[in-house]
Amino acid sequence: MRHLFIITVLSLCVTVAQADTQQTFTEWLQELKADAVREGISKKTVDATFKHAKLLPRVIQLDRSQPEFISTFLDYLNRRVNTSLVERGRYLLTQHQPLLAEVESSYGVPKQVLVAFWGMETHYGKMQGDFDLASALMTLAYEGRRAVFFRNELFNLMRIADARHASTSARIQGSWAGAMGHMQFMPSTLIAHGVDANHDGRVDIWQSLPDAMYSAANYLAKAGWRGDEPIMAQVDLPADFDYRLAKLNCRQHVDAWKALGVYVPAHIRNLENAAILLPQGWRGPALMVFSNFDVVMDWNRSVNYALAVAYLSEQLVGVADIAVEDDVELGALSFNEMWALQGKLNELGFPSGPPDGFPGLKTQEAIRMYQTAHGLPQDGYASPSLYVRLIESLK
Numbered sequence: 083m084r085h086l087f088i089i090t091v092l093s094l095c096v097t098v099a100q101a102d103t104q105q106t107f108t109e110w111l112q113e114l115k116a117d118a119v120r121e122g123i124s125k126k127t128v129d130a131t132f133k134h135a136k137l138l139p140r141v142i143q144l145d146r147s148q149p150e151f152i153s154t155f156l157d158y159l160n161r162r163v164n165t166s167l168v169e170r171g172r173y174l175l176t177q178h179q180p181l182l183a184e185v186e187s188s189y190g191v192p193k194q195v196l197v198a199f200w201g202m203e204t205h206y207g208k209m210q211g212d213f214d215l216a217s218a219l220m221t222l223a224y225e226g227r228r229a230v231f232f233r234n235e236l237f238n239l240m241r242i243a244d245a246r247h248a249s250t251s252a253r254i255q256g257s258w259a260g261a262m263g264h265m266q267f268m269p270s271t272l273i274a275h276g277v278d279a280n281h282d283g284r285v286d287i288w289q290s291l292p293d294a295m296y297s298a299a300n301y302l303a304k305a306g307w308r309g310d311e312p313i314m315a316q317v318d319l320p321a322d323f324d325y326r327l328a329k330l331n332c333r334q335h336v337d338a339w340k341a342l343g344v345y346v347p348a349h350i351r352n353l354e355n356a357a358i359l360l361p362q363g364w365r366g367p368a369l370m371v372f373s374n375f376d377v378v379m380d381w382n383r384s385v386n387y388a389l390a391v392a393y394l395s396e397q398l399v400g401v402a403d404i405a406v407e408d409d410v411e412l413g414a415l416s417f418n419e420m421w422a423l424q425g426k427l428n429e430l431g432f433p434s435g436p437p438d439g440f441p442g443l444k445t446q447e448a449i450r451m452y453q454t455a456h457g458l459p460q461d462g463y464a465s466p467s468l469y470v471r472l473i474e475s476l477k
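Numbering (the numbering used here), first residue to last: 83 to 477.
Honestly, I wouldn't trust all of these hints.
Calculated lysine-lysine pairs in the BS3-like style (CA-CA distance at most 30 Å, straight line) [unchecked claim]:
#1 208 to 125
#2 136 to 126
#3 115 to 136
#4 340 to 329
#5 133 to 208
Listed next, with one range per pair, are the computed distances between beta-carbon atoms [as the list claims (entries may be wrong)]:
#6 354 to 205: 18 to 28 Å
#7 310 to 413: 32 to 42 Å
#8 413 to 321: 20 to 30 Å
#9 442 to 349: 50 to 60 Å
#10 253 to 354: 43 to 53 Å
#11 418 to 338: 20 to 30 Å
#12 145 to 246: 24 to 34 Å
#13 454 to 165: 35 to 45 Å
#14 318 to 106: 58 to 68 Å
Calculated from the structure, these hints are not laboratory results.
Just so you know, even glycine gets a beta-carbon here, dropped at the ideal spot from N, CA and C.
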């Protein structure tokens, strides 16, 4: 009975806290509603959007959640680009050949690249998201972590309804983070890059595949897509390669890399803006990336995502798998282990910044400094073996 009493009291506390939060959210909504009208959004659209507005605790939970493990590149690739995704993509590449050829002719973005984005974003339109987008954006704007950004996206969602691209912003569904349609555009992205490809007076990125494909290609073209240039290619490194050069901001002409002994596939010629990445450490695959890789990262800032788009686009047209050696280190650090690794690096005088559990550029540079000091290959990779070595060194 004592346990039951405690549970009842705790439940009551949670209920009261939620009620207080809901009341505060309701008051905040009234101010936001007035702001929307002042922004020039029609009262009809504002009323329809706010009529069923709800605070979505699940959205807050997803926004604040941390992964149990930090996914390695190969784990991410195997999880995101599986056989069924490739086979379905090849089928759709053939089925929609006329449309995709038309888009490629207009914008210079290859068919397989557009289909790769489509597959990565929504499994070819099957997973566009089932969150009430207006409520999700309101929740994220209210939560405060990126309040201004999501407030503006909410207003843009209502502008989309005003422009009749959607019947009403109150009915649009999408991801918890505010993305929508076949290609998961944010509202501001649709406004800036949306194309009415079928000339029906609407940019319908939810139901019209021509609108979705033209809009995606328009985005990539404006971001600087370079014709038929590749996104990436696997290369072989010489035994004496200086791994400190393997990072995104170290750019050279392909010929300069060849002069250092890097073996580059014959079809890669005369490209200036090439970098080498070691996403799974020095024992893993070496991938050379080019200017179009930067365009993919303009779409999504994750290196693993950009590499996966490149890999899927190649798989769709039959390019060979990425070769992986048997001695590659496959293990992953947990979020807490990554946090601890960053703290240990700081303790040892290799500044990685405030620990956050994610191996960003500052952490990679700190690891390189540690590796240099201890005569290790300087790949900047946060491997399990490096973690064990760091922990042992401080015992």
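Open item on the list: Between the alpha carbons of residue 208 and residue 125, is the straight-line distance 30 Å or under?
Closed with: The given pair, whose Cα atoms are some 33 Å apart, is violated under the 30 Å limit.
Restraint status (C-alpha distance of residue 133 to residue 208 at most 30 Å): 28 Å, holds
Legend entry - Distance restraint between residue 136 and residue 126, which requires alpha-carbon spacing of 30 Å or less: 19 Å, holds
Would you say the C-beta atoms of residue 354 and residue 205 sit inside 18 to 28 Å of each other? 36 Å, violated
Satisfaction of the hinted span 20 to 30 Å by the C-beta atoms belonging to residue 418 and residue 338:
41 Å, violated
Would you say the C-beta atoms of residue 253 and residue 354 sit inside 43 to 53 Å of each other?
Given a distance of about 48 Å, which is inside 43 to 53 Å, the answer is holds.
query: Has the hinted range 50 to 60 Å been met by the Cβ atoms of residue 442 and residue 349?
result: 33 Å, violated
Q: With respect to the beta-carbon atoms only, verify the hint that residue 145 and residue 246 lie 24 to 34 Å apart.
A: Check passed, 30 Å falls within 24 to 34 Å.
Taking only the CA atoms, is the gap from residue 340 to residue 329 under or equal to 30 Å?
Holds, because 16 Å separates the two Cα atoms, which is no more than 30 Å.
58 to 68 Å as the expected CB spacing between residue 106 and residue 318, which holds or is violated: Because 59 Å falls inside the window, the suggested range holds.
Next on the checklist: For the hint 32 to 42 Å, verify it against the beta carbon of residue 310 and that of residue 413.
Outcome noted: 38 Å, holds
**Message:** Against the range 35 to 45 Å, how does the distance between the Cβ atoms of residue 454 and residue 165 compare: consistent or not?
**Reply:** Holds - the Cβ-Cβ distance for residue 454 and residue 165, about 41 Å, lies within 35 to 45 Å.
Hint compliance for this structure: hints 1, 6, 9 and 11 are not met, and every other hint is.
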